[in-house]
Amino acid sequence: MIKIIHFYADWCQDCEIQNQILDQLSMEFDDVTFELVNVDYQDNKARKYEIINIPTLVFEVGDAVITKVEGVVELEELEELIDVLYDDFDEEEYEAI
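Read in my numbering, the sequence shown has 134 at position 58, and its numbers run on one by one without any break.
Hints are computed from structural coordinates only; laboratory data are not their basis.
Among these hints, one or two may not hold up.
Claimed, not checked - SDA-like mimics (lysine to any residue), calculated; alpha carbons at most 20 Å apart, straight line: (1) Lys124 - Leu101; (2) Lys124 - Leu112; (3) Lys144 - Asp119; (4) Lys79 - Asp163; (5) Lys121 - Leu101; (6) Lys144 - Glu111; (7) Lys121 - Trp87; (8) Lys144 - Asp164; (9) Lys144 - Met77; (10) Lys124 - Thr143; (11) Lys144 - Cys88; (12) Lys121 - Glu153; (13) Lys79 - Glu156; (14) Lys124 - Asp163; (15) Lys79 - Glu150; (16) Lys79 - Leu101; (17) Lys79 - Asp159; (18) Lys121 - Asp86; (19) Lys79 - Asp164; (20) Lys79 - Val134.
Whole structure, please, built from the sequences with the hints as guidance.
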């Protein structure tokens with residue numbers, strides 16, 4: 077299972093743009109889990125993932141962090157990244173990590 081965690085803040089304009097893109101993406105990929113983390117209220121989670129800038133997207137497969145991307149990521153780039161994750165990663169391999 078692919079999971080995308082979006083670290084954002086309410087006051088961040090780029091974060092709102094990223095939210096809109098993720099909303100579109102969620103309509104295309106029913107089997108991808110999306111999680112929103114407001115860094116102003118969930119700073120422990122932001123520290124755990126070593127988030128420095130927002131917006132930041134963290135991609136997980138199973139229990140493993142695969143990549144982290146800072147800044148606004150366009151829909152087409154996200155679609156390509158998800159396709160690569162589906163092609164390249166075996167979920168069972170990463171659940172034990």
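Status of the hints after comparison with the structure:
1. Straight-line distance between C-alpha atoms of Lys124 and Leu101 comes to about 25 Å, which puts the hinted pair past the 20 Å bound.
2. Between the alpha carbons of Lys124 and Leu112 the distance comes to roughly 15 Å, so the proposed pair stays at or under 20 Å and holds.
3. A hinted pair counts as satisfied when its Cα atoms are at most 20 Å apart, and Lys144 with Asp119 qualifies at roughly 17 Å.
4. The hinted pair formed by Lys79 and Asp163 meets the criterion: a straight-line CA distance of about 15 Å does not exceed 20 Å.
5. Taking the CA atoms of Lys121 and Leu101, the gap is near 23 Å; set against the 20 Å cutoff, the hint is violated.
6. Taking the CA atoms of Lys144 and Glu111, the gap is near 14 Å; set against the 20 Å cutoff, the hint holds.
7. For the proposed pair Lys121 and Trp87, the alpha carbon gap of about 19 Å is at most 20 Å, so the pair holds.
8. For the proposed pair Lys144 and Asp164, the alpha carbon gap of about 17 Å is at most 20 Å, so the pair holds.
9. Proposed proximity of Lys144 and Met77 is supported: the alpha carbons are some 17 Å apart, at most 20 Å.
10. At most 20 Å may separate the alpha-carbon atoms for a hinted pair to count; Lys124 and Thr143 meet this at roughly 14 Å.
11. For the given pair, Lys144 sits about 18 Å from Cys88 by alpha-carbon distance, which is consistent with the 20 Å threshold.
12. With a C-alpha separation of about 25 Å, the suggested pairing of Lys121 with Glu153 is violated against the 20 Å cut-off.
13. For the hint linking Lys79 to Glu156, the alpha-carbon distance of about 15 Å falls within 20 Å, and the restraint holds.
14. Our distance criterion of 20 Å between C-alpha atoms is broken by Lys124 and Asp163, whose separation comes to about 28 Å.
15. A hinted pair counts as satisfied when its Cα atoms are at most 20 Å apart, and Lys79 with Glu150 qualifies at roughly 17 Å.
16. Of the supplied pair hints, the one linking Lys79 and Leu101 holds, its CA atoms being roughly 12 Å apart against a limit of 20 Å.
17. The suggested pairing of Lys79 with Asp159 holds, with an alpha-carbon distance near 13 Å, which does not exceed 20 Å.
18. For the suggested pair Lys121 and Asp86, the alpha carbons sit about 16 Å apart, so the restraint of at most 20 Å is met.
19. Restraint check: the Cα-Cα separation between Lys79 and Asp164 comes to about 15 Å, which is no more than 20 Å; the hinted pair holds.
20. This hinted pair checks out: Lys79 and Val134 have alpha carbons roughly 8 Å apart, not beyond 20 Å.
When each numbered hint is compared with the structure, violations occur for hints 1, 5, 12, 14.
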